[in-house]
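> The lines below spell out each chain.
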Amino acid sequence: MKISPLITVFGLVSLAFTLATGLAPHAEHWSQHAKSDNLLGMMFGDARKLFANQFFTMADVYFHSGYYPSVFDQNARQEKEIISASRGQKETEVDEKKEDFFGKPKDWIDSFGRHFKITQHTHLENHNEREILPWLRLAADLDPQKIETYTVGAFFLREHLARTNEAEAFLREGLRNNPGNPDLLFELGRIYEATLPEPERARNVWELGVRKVLELNPKTDEEKQDQKQTFDKLVVHLAHLEEGAGRFAESIAWLKAAQKVSPVPEELQKQIDALEKKVSAPQK
Amino acid sequence: MTTILQTEKLRVEYRSQEVRQGTKIALHGLNLEVRAGEVFGFLGPNGAGKTTTMNVLLGFTQPTSGTASLFGIDVRQPIARQRIGYLPELTYYYKFLTAEEILRFYAKIFGIASGEADKRIAELLKLVELEHAAKRPIKSYSKGMQQRVGLAQALINNPDLLILDEPTSGLDPLGRMKVREIIQRLKNEGKTVFFSSHELGEVETVCDRVGIVHQGELKAVGTVAEISRGHENLEKAFLKIVGFQTTTPL
Amino acid sequence: MNKIFALAGVVIKELYRRKDFYVLFVLTALLTLGAGTANFFHDDKIIRYVKDICLLLIWVSSIVIAIVTTARQIPAEREARTIFPLLAKPVSRGQVIAGKFLGCWLASGIALVVFYFFFAILNGTREHSWPVGIYLQALWMQWFLLAIVTAMVLLGSIYFAAPSSTNTICFIVVIGLLGLGGHLGKIALQQAPPVQNILMVLYFFIPHLEWYDLRDFVVYDQPMIAWPAIALATLYAAVWTAILLFLAWLGFRRKGLNT
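Residue numbers (the numbering used here), protein chains in the order written: chain U, 1401 to 1684; chain R, 306 to 555; chain D, 171 to 429.
Think of the hints as simulated: they come from the structure by calculation, not from any bench.
Remember, it's a predicted structure, so these values are computed and weren't measured experimentally.
All C-beta atoms, glycine included, are put in the ideal place defined by N, C-alpha and C.
There may be inaccurate statements among the hints.
Here are the simulated DSSO-like cross-link-like pairs (lysine-lysine), alpha carbons at most 30 Å apart as the crow flies [unchecked claim]: (1) U:1517 - D:173; (2) U:1517 - D:356; (3) R:444 - D:173; (4) R:440 - D:173; (5) R:444 - D:189; (6) D:356 - R:448; (7) R:431 - D:356; (8) R:440 - D:356; (9) R:431 - D:173; (10) D:173 - R:400; (11) D:425 - R:444; (12) R:448 - D:215; (13) U:1656 - U:1677; (14) U:1506 - D:215; (15) U:1504 - D:356; (16) R:329 - D:425; (17) U:1624 - U:1670; (18) D:425 - R:314; (19) U:1660 - U:1624; (20) R:424 - D:183; (21) D:189 - R:400; (22) D:189 - R:440; (23) R:492 - R:541; (24) R:444 - D:183; (25) R:424 - D:173; (26) U:1624 - U:1612; (27) U:1449 - D:215; (28) U:1449 - D:356.
Heads up, incomplete: computed chain D residues facing chain U, CB under 7 Å, no partners named [stated by the list, open to error]: (29) 216; (30) 249; (31) 252; (32) 381; (33) 390; (34) 399.
Using the sequences and the accompanying hints, generate a full structural model.
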């Protein structure tokens, strides 16, 4: 029997169409890629977290204007990311700038090669910090669950670039992807407290953060340590907020809560003592 | 008469691809002499050693032992090829170049001055009837046109010795006639032509002398008349020399 | 020398008559312009990532052009049998190697100039700055890196029969040298003998291509590098190129070519 080529093609197309309509509902379960709601996620698939980490590191490289240790550098630091300023501690940033990431040259090749490498430890400044933002944006797109991306991005937007709205929007995006995350709530509170300033909103956000951090159920020691640190910074900031508002009793209560987890409880005790003096002092 | 092309005890061995076969001897102490101004036909059945001889003369293959020289210069010296023109059996040229560009390129290789090269290129394009297509890339040429580019490049340096490898193979009768015409013309100009061919009729027509090579050795050399002596024609002589036995009358 | 230049001229003509370069250039331009239109946090002053992406594309494109153009030279001459009429002329095999190298290297250089010109225009219009000195140094160093790469590929093309295998092997070697070359010494120190000794020997005997990557200096607006260092690196590249070309010549000079 001789079948016309046209009929063969028509038959194959019909078969493909039938298979497509039949399989499409099942296909979604086959692959996580189909669930990705953005192009980058779809392109990179499950490797997107690796790329997100790489892009986050790129932000760090940019922050150091290319002065960055490779994975092979012996005196490379243990922590992968070294954006000291991300913690909002200018002192640490100054200390870090004194560090030599590469150490002394090991041989003439290493020594001569340094002519062609950036060997000055600098940090971006004068609003040039904006250059790290694309990499943070990409990191957030690829791994929306990476909290540091939002906190670092928000910090630079708020502290260095005075772009409070963008910082808030970025954190809110982080919260949409990670509902109730205490670290994000803490950063959001800092925007309301220090930048806008809207202490009432900061209080609400931080109090929510405290509730959320207490709801966490850490399993590993590292997670337990993180929980303590987050709780510590939330309550200490709440204490200072209440102190600023003249609500010393509430401030003392937060500081006492902080003492339970703080690595420097004696420092906090001094603050509590000072506040108690203020409370007991006669009102003028 | 001056010897233009000479080989002495030329031996070429190839290492066979197959382990058991060891080495294969392509040329077995070949002695050959081509004199100035003659048209020399180099004949032999397939695998006789014609191409190997040409490869050695042109520096494509290194001899295992023996010597080969052109104009008295060892063929391993590039300068030995300064006064020769070579037309391969199958012509292939840079397809992205035009005929004019390819001739200019070879003129530069020969160190021909720009003005002289221009003149020579124009003459050759006219000779091979490619003036109209001179500025077209070679990839757009027909097979015959490409063959004519080959002929033009072989003549770019106005060579004293022209080496032609099966120059008429694959050509239509018109193309063959053109090649024969050019060989005749070069002969009239006192040039030496050394060519290999299967076309015995053609050899008879244009050659002054003929050499017949078989199993890597030169079996006979002389004028067409000398070789054909005692035979009906050159073809019969050739078949006798290479030991061909027919089962049916020719 | 004229013969070498004539041979080089054919290679350059081949480059601009083939489509490879144009495809890579258009791709680089489109991807760069595409990256440039992206908006991050409503800040239109962000520029470095565009420079970075553009330079990365220029690097990849130029290495692709150098490797692919060079890898096909000798094998294509043999396959297309153009080598026979060429070697039947008064040209030595050394001159063929030198001409092919020069052509591929100059062709890569021309491509590089076009790419860097595009980069300079793009950057100048966005940043309104023209750090010509560092651009020249970056271009110069990259060009000399391509000299080593071209010579290496030419050597590979003598020994490997197919251009595709030369391409693949050379890509892996170049990427390996760029990525690991400078760190091999540090890796060696973390190993036990004899691996340590082998890695150390390798470290000192491989061409250090990583020196020729000055992208960071361009991206991060760094000052120019001292010229004596550039001169020494140029000399180092020239020595390595000569070594590789010499090895290519050794392989090619007695190679039998049967018609």
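> For residue 1449 (chain U) and residue 356 (chain D), compute the direct alpha-carbon distance and say whether it is at most 30 Å.
28 Å, holds
> Given residue 381 (chain D) as an interface hint, is its Cβ closer than 7 Å to any Cβ of chain U?
With Cβ-Cβ at 5 Å, under 7 Å, it holds.
> Tell me if the straight-line CA distance from residue 431 (chain R) to residue 173 (chain D) falls inside 30 Å.
26 Å, holds
> Given the proposed pairing of residue 444 (chain R) with residue 189 (chain D), does the C-alpha separation stay at or below 30 Å?
Cα-Cα ~16 Å, so holds.
> When you check the alpha-carbon spacing of residue 356 (chain D) and residue 448 (chain R), does it fall within 30 Å?
60 Å, violated
> Residue 1656 (chain U) and residue 1677 (chain U): Cα distance at most 30 Å?
Holds, because 15 Å separates the two Cα atoms, which is no more than 30 Å.
> Tell me if the straight-line CA distance from residue 448 (chain R) to residue 215 (chain D) falls inside 30 Å.
60 Å, violated
> Within 30 Å, alpha carbon to alpha carbon, are residue 1504 (chain U) and residue 356 (chain D)?
Holds. Residue 1504 (chain U) to residue 356 (chain D) sits at ~12 Å (cutoff 30 Å).
> Quick check on the hint: residue 399 (chain D) CB to chain U CB, less than 7 Å?
For residue 399 (chain D), the interface hint holds, since the closest Cβ of chain U sits about 4 Å away, which is under 7 Å.
> With the threshold set at 30 Å, check whether the alpha-carbon distance from residue 431 (chain R) to residue 356 (chain D) stays at or below it.
The hint is violated at about 68 Å.
> Measuring from the C-beta of residue 390 (chain D) to each C-beta in chain U, is the shortest one below 7 Å?
This interface hint holds because 4 Å falls under the 7 Å limit.
> Does the alpha-carbon distance linking residue 1517 (chain U) and residue 173 (chain D) stay inside the 30 Å limit?
40 Å, violated
Checked against the numbered hints above, the structure breaks hints 1, 6, 7, 8, 12, 14, 30, 31 and satisfies the rest.
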